[in-house]
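Enquirer: Keeping their order, the protein sequence lines are chains A and B.
Quick note on the working numbering: the first sequence kicks off at 1 and runs consecutively.
Quick note on the working numbering: the second sequence kicks off at 244 and runs consecutively.
Hints may contain errors.
[What the hints assert, rightly or not] EDC-like mimics (lysine to aspartate or glutamate), calculated; alpha carbons at most 16 Å apart, straight line:
#1 Lys254/B / Glu275/B
#2 Lys300/B / Asp396/B
#3 Lys406/B / Glu218/A
#4 Lys17/A / Glu218/A
#5 Lys243/A / Glu443/B
#6 Lys408/B / Glu218/A
#7 Lys436/B / Glu529/B
#8 Lys237/A / Glu443/B
[Claimed, not checked] Footprint (simulated), chain B over chain A, 3 or more residues, beta carbon under 8 Å:
#9 178-188
#10 200-212
[Stated by the list, open to error] Stretch-level coverage of chain B by chain A, calculated; a stretch enters the list once three of its residues show a Cβ under 8 Å from a Cβ in chain A:
#11 286-293
#12 383-390
#13 397-407
#14 430-437
#15 459-471
#16 496-504
#17 510-518
Hints were generated in silico from the structure; no laboratory data involved.
The structure displayed is predicted, hence computed values, not measured ones.
All C-beta atoms, glycine included, are put in the ideal place defined by N, C-alpha and C.
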Amino acid sequence: MDIAVLVKQTVDMDQIKLNDNNEPILDDLPLKMDILSKNAVEAAVQLKEKYTGKVTAFIFGTERSTSTMKEAYAMGVDDGTVIKGYQKSDPTVTASVLAEELKKSKFDIIILGDQSSDSYSGLLAGILSSELGLDVVTNAINIEIKDKIANVTVESENEDITVETKLPAIVSVAQEINEARLPKVMQIMAAGKKPINIVEGKPDYRDDSRILSDKAPESQRKKIIYEDGKGIDEVAKILKVVK
Amino acid sequence: MKALVFSDEPKNAREIITYLRGKMDIDVISTEDKELPEYGAQKVYFYKDGFVDNLSKFLADHITKNKYDFVFISSTNTGRELAGILSYKLKMKCMPEIFSFEHGGKTVTKRFFHGGKTVVEEESDFQMFTVSASICEAEKTDKRSEIENINLDKSNYKIINVKGKNTAGTDIRNAKVIVSIGRGLGSEENIKKIQPLVDELHAEIAGSRPVCLDYKWLSEDKQVGLSGKKVRPDFYIALGISGQIQHIAGIRGSKTIIAINKDKSAPIFEECDYGIVGDLFTVVPELVKKLK
Ligand SMILES: Cc1cc2nc3c(=O)[nH]c(=O)nc-3n(C[C@H](O)[C@H](O)[C@H](O)COP(=O)(O)OP(=O)(O)OC[C@H]3O[C@@H](n4cnc5c(N)ncnc54)[C@H](O)[C@@H]3O)c2cc1C
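Work out the full structure: start from the sequences and follow the hints.
Expert: Have a look at this one:
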């Protein structure tokens with residue numbers, strides 16, 4: 001089975017500091033594989049282990065994305081392409097760049113994370129499915145494959161629904177699908193030596209939106225904090241209105 | 244101006260209509276719901292058995308035919324899939340996850356970014372948006388909408404199994420008072436130690452992600468946060484919850500937030516109205532005594 005997995009590299013958002021103006025300082029932040037991309041890679045590698053085949057990873061990123069590709073290799077990805085040219089979160093552009101590359105080979109299933117942890121847009125799977133003319137199932141917590149058919153279990157509000165879809169298809173995964181493996185030292189070392197295919201992407205970013213401000217939200221809360229055993233009377237009084 | 248609102252969840256549709264009402268005329272497409280025609284939309288369309296393929300086909304035709312100025316799609320699984328497909332098909336770029344929309348010449352929207360660390364305010368000519376859940380509290384109007392049932396084509400997708408989850412009945416999104424527990428509670432058995440507070444306040448119990456998803460002390464539908472429910476109670480009482488950004492994302496609509504945590508530097512104290520620094524196992528019983 002030929003499996004493609006789409007991997008996103010993000011800045012480590014836990015390490016974002018704010019300047020005096022409450023704006024994020026984004027220079028020199030460490031990069032890492034986005035959290036749901038890890039689950040996507042794990043899901044892809046598990047499918048390979050179960051049904052045999054090959055996993056190819058794609059990152060739309062920059063020249064700095066090779067470290068994330070190596071991480072994917074260490075987790076069991078066989079082959080990887082880094083497409084350079086990423087500038088900003090714009091699902092339309094990301095989808096068209098990735099589609100361009102994905103069209104060059106044949107895949108039975110294309111796996112990605114359902115929402116990335118910077119914007120939580122969750123639009124990529126849908127746009128890609130239109131670009132490539134494939135079926136799409138999102139937020140998967142289980143994938144079973146039999147004879148070019150995938151049974152994908154999707155997590156929704158009050159039930160888990162299993163849908164049958166023909167392959168090739170695009171499946172985005174939820175965090176609950178698996179626990180991403182921690183590669184062993186040997187695998188990490190082997191991954192470091194593996195070649196990475198690097199290509200130049202042709203992103204068509206447009207000036208169609210303009211950022212007016214990007215600031216940490218100011219909390220409108222009262223923030224009255226009691227310490228040393230105090231505050232119980234006050235809080236009880238506030239809650240009395242409920243009764 | 245005329246807008247189309249789509250949500251597979253009528254509750255979200257009601258909120259989005261309430262939010263946009265007065266700014267423009269609204270048609271809405273959703274699943275069968277008795278109350279939806281009471282929120283001021285001009286036309287309410289109901290569909291059954293919708294999947295991405297038959298829904299996207301219908302919506303693309305419908306949007307083209309009716310020449311809507313704006314399309315608002317609620318951010319659910321189905322909603323996001325559809326927004327992606329429609330944005331490609333109709334060549335309308337989509338601004339995702341907005342929680343604020345103003346239009347005067349240009350459109351100005353707000354959404355969270357950097358994992359919820361910041362809010363970006365953007366100006367654009369975009370016509371399609373996905374709308375973050377709980378954008379406002381839904382309110383009815385006197386105006387009744389015209390209702391039309393739509394027939395979708397048959398889908399290529401096939402449902403082969405549906406497994407109901409262990410849900411405990413009440414929807415925490417409708418609760419007026421929520422007592423929410425975090426990892427600080429320590430164990431499932433300890434729920435009975437805070438139960439008197441829940442009872443005293445006639446509250447619903449909810450929890451953080453680890454509590455609902457990893458430890459399963461509560462069922463999954465009780466999870467509050469970014470990947471759980473967004474709640475808007477009058478009082479949200481957080482017990483032993485650190486207040487990570489993904490949790491805060493679910494409680495921003497609360498009128499009053501009260502936090503009890505033994506760690507003075509817990510981020511929840513930056514996002515609460517009243518906070519008590521202390522051990523919840525001593526503070527909660529004292530609070531219950533005072534409330535009696
Ligand atoms: C993609 C993604 C999505 C997520 N979505 C969600 C979501 O929807 N909802 C959500 O909640 N989380 C979500 N998370 C997880 C989130 O980042 C935090 O890990 C989680 O909210 C922490 O839960 P907690 O506050 O219960 O636990 P902890 O962070 O471990 O906090 C426990 C707190 O209890 C306090 N405590 C301990 N003992 C006591 C005591 N005796 N008395 C008083 N206080 C005590 C501690 O001081 C501490 O502050 C998500 C994470 C990711 C990556």
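Enquirer: If you look at each residue in the stretch 430-437 of chain B, do at least three have a Cβ nearer than 8 Å to any Cβ of chain A?
Expert: n = 0 at 8 Å, threshold three: violated.
Enquirer: Would the pair Lys254/B and Glu275/B pass a check requiring their Cα atoms to be no farther apart than 16 Å?
Expert: Cα-Cα ~11 Å, so holds.
Enquirer: With a cut-off of 8 Å between beta carbons, are at least three residues of the stretch 397-407 of chain B near chain A?
Expert: Since 9 is at least three, the answer is holds.
Enquirer: Would you say the stretch 459-471 of chain B counts as covered by chain A, given the rule of at least 3 residues with C-beta under 8 Å?
Expert: holds (count 3)
Enquirer: Hint check: Lys237/A vs Glu443/B, CA-CA at most 16 Å. Holds or violated?
Expert: holds (14 Å)
Enquirer: Taken at face value, is the distance from the CA of Glu218/A to the CA of Lys406/B at most 16 Å?
Expert: Cα-Cα ~41 Å, so violated.
Enquirer: State whether the coverage of the stretch 178-188 of chain A by chain B holds or is violated, taking the criterion as 3 or more residues with Cβ-Cβ distances under 8 Å.
Expert: Since 0 is below three, the answer is violated.
Enquirer: For a C-alpha distance cap of 16 Å, please report whether Lys17/A and Glu218/A respect it.
Expert: Since the Cα atoms of Lys17/A and Glu218/A sit roughly 15 Å apart, the hinted pair holds (cutoff 16 Å).
Enquirer: Please check whether the stretch 383-390 of chain B has three or more residues whose CB lies within less than 8 Å of a CB on chain A.
Expert: It is violated: at least three residues are needed, and the stretch 383-390 of chain B offers just 0 whose Cβ sits closer than 8 Å to chain A.
Enquirer: If you draw a straight line from the CA of Lys408/B to the CA of Glu218/A, is it 16 Å or shorter?
Expert: violated (37 Å)
Enquirer: Assess, step by step, whether the Cα of Lys436/B is no farther than 16 Å from the Cα of Glu529/B, and give holds or violated.
Expert: Roughly 12 Å between the alpha carbons, so the hint for Lys436/B and Glu529/B holds.
Enquirer: Verify this for me: three or more residues of the stretch 286-293 of chain B with a beta carbon less than 8 Å from a beta carbon of chain A.
Expert: That given contact is violated, which follows from only 0 residues of the stretch 286-293 of chain B lying within Cβ reach (below 8 Å) of chain A.
Going down the numbered hints, you'll see the structure goes against 3, 6, 9, 11, 12 and 14, while the others check out.
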